[in-house]
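**Student:** Residue numbers (this note's numbering), protein chains in the order written: chain A, 310 to 892; chain B, 16 to 376.
Zero decoy hints are in this set.
Label pairs and their computed distance ranges (CB to CB): (1) B:245 - A:691: 28 to 34 Å; (2) B:230 - A:595: 35 to 41 Å; (3) A:626 - B:253: 39 to 45 Å; (4) B:261 - A:747: 50 to 56 Å; (5) B:102 - A:676: 20 to 26 Å; (6) B:261 - A:459: 48 to 54 Å; (7) A:494 - B:242: 22 to 28 Å; (8) A:871 - B:101: 21 to 27 Å; (9) B:362 - A:493: 50 to 56 Å; (10) A:745 - B:261: 51 to 57 Å; (11) A:526 - B:230: 30 to 36 Å; (12) A:691 - B:341: 42 to 48 Å.
Quick look at which bits of chain B chain A covers, simulated, 3 or more residues with Cβ under 8 Å: (13) 161-167; (14) 183-197; (15) 290-300.
Everything labelled a hint here was simulated from the structure, so no lab data went into it.
Glycine is no exception: its CB is placed at the ideal position from the N, C-alpha and C atoms.
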Amino acid sequence: MRDCCHKTSVVRRREVVGRVPDAPPRVFGSSGSPVDPRCVAAGPGAAWAHAPYPVLVADRDGGLVELNGAARQLWSDAVRGDKLRDTVPSWLAEAHGRFTDGTSGGAVRTAGAVADRFFEAHPTPTDEGDVVWWLVDDTDRRLAEAALAGTRRRTALLADVSGQLLSTLNLTRCLEATARMATDHLAEAAVLVAPPQGRRHPLTYAFRGGPVTRVTASVEVRDLPGLAEALQGFPPVPARWIDPARLPGWSRPAGFREPVGSVIVAPLPGHGVSAGALVLLRSSGEQAFSDDDELFARLFAARAGAALSAARLYTEQSSITATLMRELLPPRLESVHGVEYAGAYRPARDNEHIGGDFYDVHPGASPAEESLVTLGDVAGKGLDAAVLTGKIRNTLHALLPLATDHVRMLTLLNKALLSSPHTRFATLVLASVRRRGGEVALRLTSAGHLPPLIVRADGTVEEAATRGSLIGALPRVTATTARVTLRPGETCLLYTDGVTEARGGPLGDELFGEHRLKRVLAECAGLPAEAVVERIQMLTAQWLGPGSHDDIATVAIGAPRVSDRTVADDQGRARSTTHRRIP
Amino acid sequence: MTAPPATTHALVDALWQAVVHGDEHTAVEVVRDARADGVGEETLLLDVIAAVQERVGREWAAGRLTVAQEHAATALNERVISGLAHDRQRETGAGGTPRGRVTVSCVDGEWHALPARLVAEVLRLRGWRVDYLGAQTPTHHLVSHLHSTGSEAVLLSGSLPTRLPAAHAAVTACQAIGVPVMAGGRAFGPDGRYAHALGVDRWAPDARAAAAVLAEGLPAPDPAAARQVVDDLPHLTDQEYTFVARSRVLLVRQTMTALEDLFPPLRAYSDEQRERTAEDLSHIVEFLATALYVDDPALFTTFLDWTARVLEARGVPARSMVAALGALGHQLRDFPRSLRLLRRGTAALTDRSLRTADTCR
Numbered sequence: 310m311r312d313c314c315h316k317t318s319v320v321r322r323r324e325v326v327g328r329v330p331d332a333p334p335r336v337f338g339s340s341g342s343p344v345d346p347r348c349v350a351a352g353p354g355a356a357w358a359h360a361p362y363p364v365l366v367a368d369r370d371g372g373l374v375e376l377n378g379a380a381r382q383l384w385s386d387a388v389r390g391d392k393l394r395d396t397v398p399s400w401l402a403e404a405h406g407r408f409t410d411g412t413s414g415g416a417v418r419t420a421g422a423v424a425d426r427f428f429e430a431h432p433t434p435t436d437e438g439d440v441v442w443w444l445v446d447d448t449d450r451r452l453a454e455a456a457l458a459g460t461r462r463r464t465a466l467l468a469d470v471s472g473q474l475l476s477t478l479n480l481t482r483c484l485e486a487t488a489r490m491a492t493d494h495l496a497e498a499a500v501l502v503a504p505p506q507g508r509r510h511p512l513t514y515a516f517r518g519g520p521v522t523r524v525t526a527s528v529e530v531r532d533l534p535g536l537a538e539a540l541q542g543f544p545p546v547p548a549r550w551i552d553p554a555r556l557p558g559w560s561r562p563a564g565f566r567e568p569v570g571s572v573i574v575a576p577l578p579g580h581g582v583s584a585g586a587l588v589l590l591r592s593s594g595e596q597a598f599s600d601d602d603e604l605f606a607r608l609f610a611a612r613a614g615a616a617l618s619a620a621r622l623y624t625e626q627s628s629i630t631a632t633l634m635r636e637l638l639p640p641r642l643e644s645v646h647g648v649e650y651a652g653a654y655r656p657a658r659d660n661e662h663i664g665g666d667f668y669d670v671h672p673g674a675s676p677a678e679e680s681l682v683t684l685g686d687v688a689g690k691g692l693d694a695a696v697l698t699g700k701i702r703n704t705l706h707a708l709l710p711l712a713t714d715h716v717r718m719l720t721l722l723n724k725a726l727l728s729s730p731h732t733r734f735a736t737l738v739l740a741s742v743r744r745r746g747g748e749v750a751l752r753l754t755s756a757g758h759l760p761p762l763i764v765r766a767d768g769t770v771e772e773a774a775t776r777g778s779l780i781g782a783l784p785r786v787t788a789t790t791a792r793v794t795l796r797p798g799e800t801c802l803l804y805t806d807g808v809t810e811a812r813g814g815p816l817g818d819e820l821f822g823e824h825r826l827k828r829v830l831a832e833c834a835g836l837p838a839e840a841v842v843e844r845i846q847m848l849t850a851q852w853l854g855p856g857s858h859d860d861i862a863t864v865a866i867g868a869p870r871v872s873d874r875t876v877a878d879d880q881g882r883a884r885s886t887t888h889r890r891i892p
Numbered sequence: 016m017t018a019p020p021a022t023t024h025a026l027v028d029a030l031w032q033a034v035v036h037g038d039e040h041t042a043v044e045v046v047r048d049a050r051a052d053g054v055g056e057e058t059l060l061l062d063v064i065a066a067v068q069e070r071v072g073r074e075w076a077a078g079r080l081t082v083a084q085e086h087a088a089t090a091l092n093e094r095v096i097s098g099l100a101h102d103r104q105r106e107t108g109a110g111g112t113p114r115g116r117v118t119v120s121c122v123d124g125e126w127h128a129l130p131a132r133l134v135a136e137v138l139r140l141r142g143w144r145v146d147y148l149g150a151q152t153p154t155h156h157l158v159s160h161l162h163s164t165g166s167e168a169v170l171l172s173g174s175l176p177t178r179l180p181a182a183h184a185a186v187t188a189c190q191a192i193g194v195p196v197m198a199g200g201r202a203f204g205p206d207g208r209y210a211h212a213l214g215v216d217r218w219a220p221d222a223r224a225a226a227a228v229l230a231e232g233l234p235a236p237d238p239a240a241a242r243q244v245v246d247d248l249p250h251l252t253d254q255e256y257t258f259v260a261r262s263r264v265l266l267v268r269q270t271m272t273a274l275e276d277l278f279p280p281l282r283a284y285s286d287e288q289r290e291r292t293a294e295d296l297s298h299i300v301e302f303l304a305t306a307l308y309v310d311d312p313a314l315f316t317t318f319l320d321w322t323a324r325v326l327e328a329r330g331v332p333a334r335s336m337v338a339a340l341g342a343l344g345h346q347l348r349d350f351p352r353s354l355r356l357l358r359r360g361t362a363a364l365t366d367r368s369l370r371t372a373d374t375c376r
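For reference, chain B alone in the conformation it holds in the complex (with noise of 0.2 Å):
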């Protein structure tokens, strides 16, 4: 059942309120009494927690939330799945014979449980058996599951750019034992351009779409067709992400060397905010790595936009971030992609603070 689109409104708006105030009893209220109203449960999971969701990670984007708000809104928004997946069990049992089974996990590394969580509860409800791997599965784990259950699918989600080779493993790793991978999540893109990339079967933009696709059947692909990374994205050849992956303390390091001279406020430091900027140099030359895997600079440049706004939204200038790439511009002086990245990066930056003063004047 579909509420009106003023229900939902006013649900988001309710949840919003008990989750960042912290208040679990009236989150699950919340929702528990949709659900009592009618308000279906595909509805709730996805119409009305997800937005509460992703209006937590814009509040914290924007400055508003801290990070310690957002971890506990969304340890609240969990709870509040769990006392929906608890009161639908209590009410159904064990319910009828499952449609199939699939796995849903996150990639490798990643942490951002909830979109995961969120497919796994819709798939349920729409009758598939699904075993929920959660955050941080080392695709090992995966593998012996699949080995161990004979899942028919897996559904990968992940929401860090930065973690896209290791859901390639992750990807060829099922694919080479005959299990089909659909992907999911922010990290894919916003038309599923990495998820092609990296050769997935399936790429779905959400939990709906993700079901349907199982719906219509997802054909097993041939395992005997096993290939390597490399057969996927041929430019890895050229050694520049590896180098740049390999070499991301040195380069830090390097770079903080450097910032001393071509950014003289640095050097006033205390050493938690030099811990600071070492981290966001970090962040840079990671997603810069990341952007060479599957060599697409707008990977890069939306990275650099993104986080332009997270530092200004807090009093930091960007332009810090300029003088950055200019450094690692001149480590990394011998590769040409890498290059051509921190050009775009830059030249990305700079319109942006051109455009900045343009509204401030």
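Next comes chain A alone, as it looks inside the complex (with noise of 0.2 Å):
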């Protein structure tokens, strides 16, 4: 039957292409391009039956009239005269009413499922009436545009993560980051197992609209299957193969009531050792996890470690670092025995915390005895430099007994320096402190560093008459020792050549010289120690400005300055006038 109709439609077919021999057969244009209606009006012929795309033609009641070899694959039962609406999917049948009682304003375009397969439907009319629905299949632009979607999303969740975990090197942090975007993006619920310390699991919770939190517990892990296995760094168990109604009490955030329907054990990758597990729990109401889902789970349990395991290592480097530096870190000083003291240090690397330079101030058993501070220069700068400061230290600290001989205290560091394997020499100043009444006595040596400088209550700046060699360089050494008297509100500083050759200035490129530390200190007549330190060091960053620099370092003695007010009650008259007026 389909046979004989369709022979009068090859021949005018034909006539139609012979009178435009350059036009493509448009007819079967895939691309839902509009049809040529001269074509149409020709009606289907018999390359339309074999055409690759279903195509089917119904009448204006939607009643069945043709369909095509690859129409009647989709519908291999249906027959002339069938209805459409019985025949095919709902959203075609509905079309197809629009398009010809007219309701649907001419064009119609529509698309929808056929059995597992997606199509878009084109309408054209025929003379006759009726309507050809031309198919176009297109399940698989449609299947490549949902992954390309999944993809897009899950490289901009991964980069979104990546962010928020490389930001921060805190532990604390990171984990509690790790919980939080595992709830807001892979499950409903979700536990972090660190590694044990001790017997103990740090464990971190995290539930969709709750608090993240963290306890450490003793927790049996094999409670849990696939968790044992995840915190060795085997081959992560499928989510399928896990019990949820087996989950111990222990593997969900208090507060997550929900009954658990699927769990995904994921093992958190660490630098060769395990950074912990990720357990992700969705409830019973949810779909379960996919193969999907357990794919990307495992991309951000890789992240996650990763970024675990950067953390851990910076905080245990941070720690290991800060214990061997508290011995080379400068000390903090203050008043000891009637005398203050006060120091600054600035280090010439400034993302470093020390240097080259040094001072201690190692008091006295008792005011009547001498305290000893001790200030030097190490050359070079930097770590290296510092290691040899810690021992110069050390053994100034062991040599303490001898400070009443300062040159025998020198040439004993100078020893101890030569027959080290450093090749390092130092510059060094000492000086023994005591309060003698309201005035402070002082016995100063240089071994081949500047020369303190005392600040008298007249704005006077002296120079300490001590010279000596310096430190590890040569087999003996000579030095002078001053001995010198503060008198209250006086100060003796003893710095490093970081002060006098620090280079810039307005000018740029100037050193700040002898001659302006001693301007300066002028000015600082009468002011307690820590204010004299802190002048001293803010004037020469000023100078700096951002100019690279050496290590400064500061250290001043002070007589404590007795106030007028003491010395009018004192001496029961007036206040003296030798300090300048406030008005």
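Two chains, each in its own frame: build the complex with the hints.
**Tutor:** Here you go:
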């Protein structure tokens, strides 16, 4: 029946094609482009019957007239006269209805699923008043688009995850961020199980709409299938093997009360050792984890594992550094036995805390005994120099009982340095300090170092008369010791050449120099020790600007100032007028 | 407990007298006695010690205190605060569980530590565990401190506007690791406008407000939204700030040379006077650069006005500054934003000298 029907069509079609030889046979164009109306008027022909896309013809009442071979594969039972609404999916039957009763307003292009495929359908009317539905298979494009959208979403998510995780080197923050992101993007609840500390595991819990909480608890990891394996770095156990009914109580966040429907246990790969495991929980109300979900959870866990390992490594390293550096940091100085001490230190490299300058104050056992102040400078800067300062400071500490004789102390230190594998040398100043009445008695010895400066109450600045050879270079040490007395309000400043050799200033490239230092000190007459070092540090910092510099260390030894009120009280007369009047 | 205003006034006067006379003993006693009399510690810190410190700054600007006296007074105020903290620790021991942990730090290169110290003490009083990093904290140290402690927030204190670019670097660095930043201090402008321009999470006008903001809770910034400074201040792409900041020394030198013609008395200056002048010029260039950074002429004119006041208080005529701005304008003739700032600065100085002339008449 169909064969006879086709014959006339074929003839007509040939005529059409013959008249327009260059025109492509657009009738069967697959893109859903508008179909040449002349061809439609000609009606479907034999080529139509063998077209690679399904085509069906229906009359205006929704009765099926024709199907081609491709359409027959979709609707194998259909026969002429069947009602469309009983045969094809409703989206197509309804579109046909709209097209024939004119409510669609002409062009109708519709789309929908047929079995597991997806089609776009384009109608064209025939001369007989029937409608030809041209179906274009769109399944692959749809699948590709869905896959692309999924990939984009996941890439954006992973970028976000990486951004969040890379931003912090703090382990606690990193754990919290991981748990929070897992519940934002992967599951309704999450538990991060960190490697055990002793017998206890740090656990981080999160669930949607709830807080992130952390506890450290002794838990039996074997109770959660797959967890022991994940913590040992074995490959993950598939989600479908884990029975949610067997979850131990500790494996769900307190406050997350939904019945659990599916579980993922993902290992967090670390730097060669496990960084822990991530447990993801979905309630039975939600869709169970798919293979894709599992794959994505593994990607997420890989990134989280790397970030957690980096944070853990940083934490360990900085704690090691802090421990080793504690001994090398400059001490915090304060008043001891009635003498003010203040120190300030600025290492050459601003990203380090230590360098090649050092100072210490070793208080005497009692106020009657001398305290020893040391300040020095090791050749070079940075960590290597700092290590040598540690050695010198320790040696000087051990030599404290000999501090009554500075030269002997320096001689022994020199021997110790010469016999050590370090090739660096050092310069230093020793100051033995004792309060005597209102005054402070000093013995000052320089070993190749800048002589200390004495700031007198009237603003005179004196250099201590001490000279000596540097340490760690020559077999013999020579040095002279100066005796100086500080009256109340007077200060002795020990400093390293980082102060005087600070290069900069408003015109650039000028040394701060001793004359500027002395001028500044002259203005510091009567100041407390910490104000003196603060002022010098501030001025040198200003002088340097953003320029590079050497280590800068200053120590001020001050005889406490007797305030004019105390003087007035003591002497029973009006306030002394030697001080500047404040209106 | 809040003291009646009369008591507070009397305490400010007593502490001021002790501090400017370098009388540590009396200074510590004034505050210790007040505390024993029931004056609240927060009142002592913010309404007495801070008030005295502010007066120290005012008196210095007016030329009634030397720089050295200012330093001495500040050092004494620090000792008074230490005394308070020491007494509190002795009485209360370690205290209860802290509300949370925060870090208080000065901007890199900022040496005015006292405002930050006061904030740190007030927050401790209110139950916070405070890491106080002090003055001149390199941003690098601040960030590694945050990594290793997991502080909930950073309170960044700044007094010198010229450190605003450094403050900006600190703000973005802290936020990039997910730690919110609250800024405070004179550097950030009277209404915190520069703090907001630098993209801080919050700005607080004083220590009490800072404590209130913390109590409210400060949400953590999204570290994935890490940004570069130019994202906050797009005008920086015109490179004017970069050029002026990098050429500071050169601009100062050339301006010095030009000033010898424009302002003849300069030729008779001693070396020390010339150095002072060069330092003043250096400050002008630094403030010009900072005004370019935040793109606000008010930052520049406020500085010029203040400097003119300081110079006049020391008997130095401010008209030399107008000549300096002219010389700078000649060197920066290809930089439209700089020129606008210099014109505004000149106008502000000229207005000022007219006003001064009026009052003289």
